[in-house]
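Residue numbers (my numbering), protein chains in the order written: chain A, 12 to 225; chain B, 9 to 354.
Think of the hints as simulated: they come from the structure by calculation, not from any bench.
Heads up, some of the hints might be wrong.
Pairs of lysine to any residue, SDA-like flavour, derived with a Cα cap of 25 Å [to be verified]:
hint, chain 1, residue 1, chain 2, residue 2
1, B, Lys-180, B, Thr-147
2, A, Lys-175, B, Ala-167
3, A, Lys-175, B, Lys-30
4, A, Lys-175, B, Val-143
5, A, Lys-215, B, Leu-169
6, A, Lys-175, B, Met-171
7, A, Lys-215, B, Ala-73
8, A, Lys-215, B, Ser-72
9, A, Lys-215, B, Gly-120
10, A, Lys-215, B, Gly-74
11, A, Lys-175, B, Met-170
12, A, Lys-175, B, Ala-144
13, A, Lys-175, B, Phe-109
14, A, Lys-175, B, Ala-139
15, A, Lys-175, B, Trp-102
16, A, Lys-215, B, Gln-75
17, A, Lys-175, B, Thr-166
18, A, Lys-175, B, Ile-145
19, A, Lys-215, B, Leu-69
20, A, Lys-175, B, Glu-174
21, A, Lys-175, B, Leu-169
22, B, Lys-30, B, Ala-41
23, A, Lys-175, B, Pro-142
24, A, Lys-175, B, Pro-168
25, A, Lys-215, B, Leu-68
26, B, Lys-180, A, His-185
27, A, Lys-215, B, Arg-71
28, A, Lys-175, B, Pro-173
29, A, Lys-175, B, Leu-101
30, A, Lys-215, B, Ile-114
31, A, Lys-175, B, Val-105
32, A, Lys-215, B, Arg-67
33, A, Lys-215, B, Lys-180
34, A, Lys-215, B, Leu-118
Computed from a predicted model, the values in this text were never measured in an experiment.
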Amino acid sequence: MSLPNPADEGITFDTFMEGVWRQNPVFVMVLGMCPVMAVTVSAINGISMGIATTFVLTCSCFLVSLLRKLVPKEVRIATYIVIIATFVTLVDYLIQAGSLALYEALGAFIQLIVVNCIILGRAEAHASRNPPLKAVVNALGMGLGFTIGLFALGGTREILGAGKLFGISLFGEHFQPWVVMVLPPGGFFVLGGWLLLFALFRGKAAEGGHTHGA
Amino acid sequence: MSIELRTSPHQVSDRSVPTIMKHVVLSLLPVCAFSVWQYGLSALALLLTITATCLLTERLLNRSAGQPSTLGDWSAAITGVLLALTLPPSFPLWMGVVAGFVAIAIGKALFGGLGFNVFNPALIGRAFVQAAFPVAITTWVPAFSAQRFTELVPTTLTAPLMMPPEIVDWVKQQAVDAFTGATPLARWKFENVVASTYDLLTGAVTASAGETSAILILVCGLYLAARKFMDWRIPVAVLASAALTAWLFQWYDPAHYPSPTFVLFSGGLMLGAVYMATDMATSPVTPLGVWIYGAVIGVVTVMIRYFGGLTEGVMYAILLGNALTPFIDLYTQPRVFGTRQQGKKK
Chain A
12 MSLPNPADEG
22 ITFDTFMEGV
32 WRQNPVFVMV
42 LGMCPVMAVT
52 VSAINGISMG
62 IATTFVLTCS
72 CFLVSLLRKL
82 VPKEVRIATY
92 IVIIATFVTL
102 VDYLIQAGSL
112 ALYEALGAFI
122 QLIVVNCIIL
132 GRAEAHASRN
142 PPLKAVVNAL
152 GMGLGFTIGL
162 FALGGTREIL
172 GAGKLFGISL
182 FGEHFQPWVV
192 MVLPPGGFFV
202 LGGWLLLFAL
212 FRGKAAEGGH
222 THGA
Chain B
9 MSIELRTSPH
19 QVSDRSVPTI
29 MKHVVLSLLP
39 VCAFSVWQYG
49 LSALALLLTI
59 TATCLLTERL
69 LNRSAGQPST
79 LGDWSAAITG
89 VLLALTLPPS
99 FPLWMGVVAG
109 FVAIAIGKAL
119 FGGLGFNVFN
129 PALIGRAFVQ
139 AAFPVAITTW
149 VPAFSAQRFT
159 ELVPTTLTAP
169 LMMPPEIVDW
179 VKQQAVDAFT
189 GATPLARWKF
199 ENVVASTYDL
209 LTGAVTASAG
219 ETSAILILVC
229 GLYLAARKFM
239 DWRIPVAVLA
249 SAALTAWLFQ
259 WYDPAHYPSP
269 TFVLFSGGLM
279 LGAVYMATDM
289 ATSPVTPLGV
299 WIYGAVIGVV
309 TVMIRYFGGL
319 TEGVMYAILL
329 GNALTPFIDL
339 YTQPRVFGTR
349 QQGKKK
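Chain A with its partners taken away, still in its complex shape (with noise of 0.2 Å):
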């Protein structure tokens, strides 16, 4: 995989676009699989984490980028790592006081989110080269993929395991739940699943020639 550092181009639609579809963190990366695999029971976990994963990813490239020139190149990681820290820090305390149910519900992920490996990826590689608007735009195109690929799996692990989508009943109460779903072996069922039809669309989209700048 080639990094792409267009440092002297300016901000296009693909540098937003390019965490959705073509470097999708979950389905093409797969970057960050720790959470994907572990919060994803329900969709609405999925969507939480995934915004709470935006957040820290957009403002930490925000000051990554802003601070690029003056960070040495020795303790770059170093650094990087403390400032995404303080944005985990913000956002568990934010959940915590904004809903225990859920800050319950995500468990110690939401502390993890600072050695996920998207946010410290994209730090490193696009952040630390791009000006801060660029950045910025480009951390919330992966936000978004990467909310995407959460809820996605979320969802369809909350329909087959529960018979729920967002908590509301979809086949009635005589529904057969997948109880495998919830379970971590149906997490990776259902990545593979989601992988599969990511890579045929992709392929197909190749085929037709839509693909964003590739």
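Based on the hints, put chain B in the right spot on chain A.
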């Protein structure tokens, strides 16, 4: 006179994958017939539905991959029939369809088709539905009920995605004597009641569709072994190691552990040992490896039955054996004739 020059081989065996597979299917027919005689229409519907699902899935995946049809090698049919035989006769048909699809799609096609699969496809299907529908897969119905050829078990025709109805009242109406709704293994584990060996041998017990009559499975297995369509060492190793383990435990504490005969003839051990463990694609090929493989399955089965949360352990034991197969093959390579043994000096 013309002389035709040819390179070897000069004599070709008529044994091919389809031949072997066809004979395995044929040898399963008596087991199926007994199951239908015992459980009636529901067992028949389950067998037909799952086999059809497996064949259809195989064909669809062939087509989507742009490959020629592999239906002719009979392996999808074996998967379907075996899978149906390991499920309870009351299993809802739509769950059977899920199991059949998972068995072929995830268990076999995903790895590249017949011969490339790491695990026995039928057991993958069963493991999936056991994890997904733990209640339905442990709901048992009595054998030889009077109306078995005229009506289906209420759970059989459950609407897709819906929960099967409660059948306790229906089972009571069947008025079969002494039906407890539990398999011999469950009764031993939770009530410490050991079923009689005669009942286990003839199939007069609660069980999955095809694992009831140990004698019938043994006879069919003997046919396959006699025609050399399967490696007789695998079932022998599985059964011997299971019996030996059971015997050791019984010798240690006769009051608590059942006899080796009970262990051998109850649950799915016979069906698993004869038909599942011997799957050619997922069992070792070396002479020593086959014995190790069988022994691992037998011992793990007994361990799961005695100490695990589940009442039956054959499925996971065989899947574990399948997973170990590449390692067993790697470390039990026989010495090539004429070469020196490693570390030995002449």
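Hint-by-hint comparison with the structure:
Among the hinted pairs, Lys-180(B) with Thr-147(B) is consistent with the structure: their alpha-carbon atoms are about 14 Å apart, no more than 25 Å. A distance of roughly 18 Å separates the Cα atoms of Lys-175(A) and Ala-167(B); the hinted pair therefore holds under the 25 Å criterion. For the hint pairing Lys-175(A) with Lys-30(B), the CA-to-CA distance comes to about 44 Å; that exceeds 25 Å, so the pair is violated. Straight-line distance between C-alpha atoms of Lys-175(A) and Val-143(B) comes to about 20 Å, which keeps the hinted pair within the 25 Å bound.
Of the supplied pair hints, the one linking Lys-215(A) and Leu-169(B) is violated, its CA atoms being roughly 31 Å apart against a limit of 25 Å. Restraint check: the Cα-Cα separation between Lys-175(A) and Met-171(B) comes to about 15 Å, which is no more than 25 Å; the hinted pair holds. At most 25 Å may separate the alpha-carbon atoms for a hinted pair to count; Lys-215(A) and Ala-73(B) meet this at roughly 15 Å. About 14 Å separates the Cα atoms of Lys-215(A) and Ser-72(B), which keeps this hinted pair within 25 Å; it holds.
Restraint check for Lys-215(A) and Gly-120(B): the C-alpha separation of about 22 Å stays at or below 25 Å, so the hint holds. Our distance criterion of 25 Å between C-alpha atoms is met by Lys-215(A) and Gly-74(B), whose separation comes to about 16 Å. With a C-alpha separation of about 13 Å, the suggested pairing of Lys-175(A) with Met-170(B) holds against the 25 Å cut-off. For the given pair, Lys-175(A) sits about 21 Å from Ala-144(B) by alpha-carbon distance, which is consistent with the 25 Å threshold.
Under the criterion of a C-alpha separation no larger than 25 Å, the hint pairing Lys-175(A) with Phe-109(B) is consistent with the structure, at around 23 Å. A hinted pair counts as satisfied when its Cα atoms are at most 25 Å apart, and Lys-175(A) with Ala-139(B) qualifies at roughly 19 Å. Straight-line distance between C-alpha atoms of Lys-175(A) and Trp-102(B) comes to about 20 Å, which keeps the hinted pair within the 25 Å bound. Proposed proximity of Lys-215(A) and Gln-75(B) is supported: the alpha carbons are some 20 Å apart, at most 25 Å.
Straight-line distance between C-alpha atoms of Lys-175(A) and Thr-166(B) comes to about 20 Å, which keeps the hinted pair within the 25 Å bound. Using a Cα cut-off of 25 Å, the hinted pair Lys-175(A) and Ile-145(B) holds, with the two alpha carbons roughly 23 Å apart. Between Lys-215(A) and Leu-69(B) the CA atoms are separated by roughly 18 Å; this keeps the pair inside 25 Å, and the hint holds. Under the criterion of a C-alpha separation no larger than 25 Å, the hint pairing Lys-175(A) with Glu-174(B) is consistent with the structure, at around 23 Å.
Distance restraint check for Lys-175(A) and Leu-169(B): the Cα-Cα separation of roughly 12 Å lies within the 25 Å cut-off, and the hinted pair is therefore satisfied. With a C-alpha separation of about 17 Å, the suggested pair Lys-30(B) and Ala-41(B) falls inside the 25 Å cut-off, and the hint holds. Using a Cα cut-off of 25 Å, the hinted pair Lys-175(A) and Pro-142(B) holds, with the two alpha carbons roughly 20 Å apart. Only pairs whose Cα atoms come within 25 Å are accepted, and Lys-175(A) paired with Pro-168(B) is accepted, the gap being roughly 16 Å.
A threshold of 25 Å between alpha carbons decides the hint, and for Lys-215(A) with Leu-68(B) the separation of about 19 Å falls inside it, so the pair holds. Between Lys-180(B) and His-185(A) the CA atoms are separated by roughly 23 Å; this keeps the pair inside 25 Å, and the hint holds. Only pairs whose Cα atoms come within 25 Å are accepted, and Lys-215(A) paired with Arg-71(B) is accepted, the gap being roughly 18 Å. Among the hinted pairs, Lys-175(A) with Pro-173(B) is consistent with the structure: their alpha-carbon atoms are about 20 Å apart, no more than 25 Å.
About 23 Å separates the Cα atoms of Lys-175(A) and Leu-101(B), which keeps this hinted pair within 25 Å; it holds. Distance check on the hinted pair: Lys-215(A) and Ile-114(B) sit about 23 Å apart at the alpha-carbon level, within 25 Å; holds. For the hint pairing Lys-175(A) with Val-105(B), the CA-to-CA distance comes to about 22 Å; that is within 25 Å, so the pair holds. Distance check on the hinted pair: Lys-215(A) and Arg-67(B) sit about 23 Å apart at the alpha-carbon level, within 25 Å; holds.
Between Lys-215(A) and Lys-180(B), the direct Cα distance comes to roughly 56 Å. Violation of the 25 Å bound is thereby established for this hinted pair. Of the pairs offered as hints, the one joining Lys-215(A) and Leu-118(B) holds, with about 21 Å between alpha carbons and a cut-off of 25 Å not exceeded.
Checked against the numbered hints listed earlier, the structure breaks hints 3, 5, 33; every other hint is satisfied.
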